[in-house]
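Taken in sequence, the protein lines are chains E and L.
Under the UniProt record's numbering, read the first sequence as residues 1 to 301, first letter to last.
Under the UniProt record's numbering, read the second sequence as residues 1 to 301, first letter to last.
Since the hints were derived computationally from the structure, they do not count as laboratory data.
On a predicted model such as this, the values are computed, not experimentally measured, just so you know.
Keep in mind that the hints are not guaranteed to be accurate.
Said to hold, decoys possible - Looking from chain L toward chain E, a few residues come up when the C-beta cut is under 8 Å (computed):
#, residue
1, Leu34
2, Thr127
3, His172
4, Arg186
5, Cys192
6, Asn193
7, Ile202
8, Gly204
9, Ile238
10, Val240
Don't be surprised by glycine CBs; every beta carbon is placed ideally from N, CA and C.
Protein chains: 2
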Amino acid sequence: MASGARVIEGHATAREMLREVHQAVHDLSEEHRLTVTLAIVVVGQDAATLRLIENKKARAEEAGVRTQLHTLPQETSDEEIITVIDGLNHDGSVHGILVQHYLPRYRDARRLIEAVDPAKDVDGFHTRNAGLLANDVPAFVPCEALAGIHLIKRFVEPRPVGWHAVVVGDTHRTGRPAARLLLSERCTVTVCNEDTRDLADISGQADILVAATNRAGMIRARHVKPGAAVVDLGRSRITVNDELRIVGDVRFDEVREVAGWVTPVPGGVGPVAIAMLMRNVVTACRRQNRLDEKARHAGAA
Amino acid sequence: MASGARVIEGHATAREMLREVHQAVHDLSEEHRLTVTLAIVVVGQDAATLRLIENKKARAEEAGVRTQLHTLPQETSDEEIITVIDGLNHDGSVHGILVQHYLPRYRDARRLIEAVDPAKDVDGFHTRNAGLLANDVPAFVPCEALAGIHLIKRFVEPRPVGWHAVVVGDTHRTGRPAARLLLSERCTVTVCNEDTRDLADISGQADILVAATNRAGMIRARHVKPGAAVVDLGRSRITVNDELRIVGDVRFDEVREVAGWVTPVPGGVGPVAIAMLMRNVVTACRRQNRLDEKARHAGAA
């Protein structure tokens with residue numbers, strides 16, 4: 001089979017979304033004197049975290065969103081971090097809060113997430129936002145999942161009703177919300193995990209295959225039905241020749257021979273996810289200021 | 001094939017659970033002078049609602065749980081209902097609250113559910129409890145789903161890791177939480193809905209088939225893999241010879257010829273669900289009184 005897959009690049013879509021966000025930010029400033037602001041709390045850090053944050057800051061700047069960086073040393077106690085978060089919760093000039101997740105394993109990341117006001121939880125990780133999504137009233141939805149489904153609807157099929165979607169990986173931040181969104185699109189949805197027997201048998205039935213394992217390169221050509229849409233939400237750090245690289249779950253060169261569509265890593269879902277995050281910050285700002293959402297949404301997003 | 005399916009009766013399991021609940025209720029009374037109490041708010045009513053409530057009251061009595069019935073006329077406004085719910089939220093002698101759901105369609109059932117204190121939401125319908133389940137920290141889980149999975153673990157396979165479970169029906173109260181629980185058991189889980197193409201192709205792959213459509217008799221023998229475990233969470237009211245009957249999603253007589261296990265309706269999941277509800281009320285009472293849960297749980301449930 002020829003290299004048939006259309007490659008779904010995320011950069012152009014992301015740029016377009018960021019322009020729309022920029023317009024919305026501008027309108028909020030002009031009409032309501034609001035400065036849309038995202039606070040990022042980082043505890044400890046490493047090269048990859050710093051790079052990711054630099055990227056988010058750059059995209060925020062592109063969208064006209066102000067950022068505040070709160071960098072805390074690795075050894076900061078949970079109580080101290082929560083005090084910082086709580087200050088941001090009560091700061092009316094801050095509309096969205098991110099807590100960067102590259103924390104040492106011993107730390108109770110869930111406790112920090114729950115400390116964020118759900119109305120400012122633009123990552124969509126808080127229990128309240130997970131519950132709203134589970135109950136079909138999505139508020140803030142994790143951005144990678146949102147971006148993956150957005151790309152399918154935009155480039156593959158705007159109404160994938162009745163399609164069989166297989167999500168590989170029952171992860172909180174990617175696979176799980178992606179499955180929920182696909183069910184809302186009225187797909188038939190299968191969620192696989194590490195204990196799935198004969199993964200290729202099941203993933204090979206997928207019209208839409210969403211990879212969300214964070215296991216580098218585990219999705220091979222043999223897992224993919226010819227012509228399927230393959231969306232890679234995975235992200236792993238690997239070191240090649242002393243250089244840190246981000247790779248996805250999908251063996252791109254293999255899978256593109258079989259699939260109908262495939263998102264690359266990097267440059268596929270990632271940039272759109274960051275644009276979705278900026279859109280969430282604008283939504284948060286509007287809601288916190290009780291601005292008419294429907295009317296403005298139609299105009300800006 | 002011979003009538004091979006083992007019929008999973010729920011009554012004996014329910015009775016056993018209710019005895020355990022009774023012991024726990026007794027201990028709470030003896031040791032902490034607590035009277036475990038369930039409040040039921042009913043707005044409007046019909047014969048089937050009354051019968052269901054009588055059943056819950058009888059089972060509560062069997063378990064030693066005190067019930068309070070708050071019956072409001074059909075025309076009661078949402079505000080008035082919420083005032084009643086709020087009174088119960090603040091009443092320390094009430095541990096669990098049910099709002100009966102046979103409300104006229106125009107009414108905003110979600111608003112009433114959200115008015116219940118999540119700590120007293122023994123039905124597990126509140127957004128907070130849905131979010132906790134979505135995030136793998138289940139608090140109160142909808143009882144039919146809990147009962148269905150309990151019966152599988154008890155009678156079919158205590159650790160169905162890697163089994164393929166197919167849930168037919170993406171309903172809030174049954175299919176959706178059942179899918180989540182099966183994922184927590186590390187099953188591969190497929191959720192089907194009304195738009196699923198070739199349902200029998202997919203349901204026929206299931207080791208565990210959970211029916212949750214509330215469409216009477218829609219699951220036929222041809223939907224079932226030989227030897228599968230079939231759990232019927234459906235409930236429809238039909239009238240036969242002027243008599244109201246409750247029937248499930250599964251054509252029992254047909255499916256029992258094919259399946260390995262099948263739960264009947266009535267008498268399968270239903271009684272266990274009510275026992276689960278009573279267990280939830282005891283859990284609610286303990287948590288509200290900050291009694292050591294783990295230690296007591298081991299002894300009583």
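Consistency of the hints with the structure:
no.: 1; hint: Leu34; in the structure: violated, 28 Å
no.: 2; hint: Thr127; in the structure: holds, 4 Å
no.: 3; hint: His172; in the structure: holds, 6 Å
no.: 4; hint: Arg186; in the structure: holds, 5 Å
no.: 5; hint: Cys192; in the structure: holds, 5 Å
no.: 6; hint: Asn193; in the structure: holds, 6 Å
no.: 7; hint: Ile202; in the structure: holds, 6 Å
no.: 8; hint: Gly204; in the structure: violated, 12 Å
no.: 9; hint: Ile238; in the structure: violated, 27 Å
no.: 10; hint: Val240; in the structure: violated, 33 Å
Violation of the numbered hints given earlier is confined to hints 1, 8, 9 and 10; the remaining hints are satisfied by the structure.
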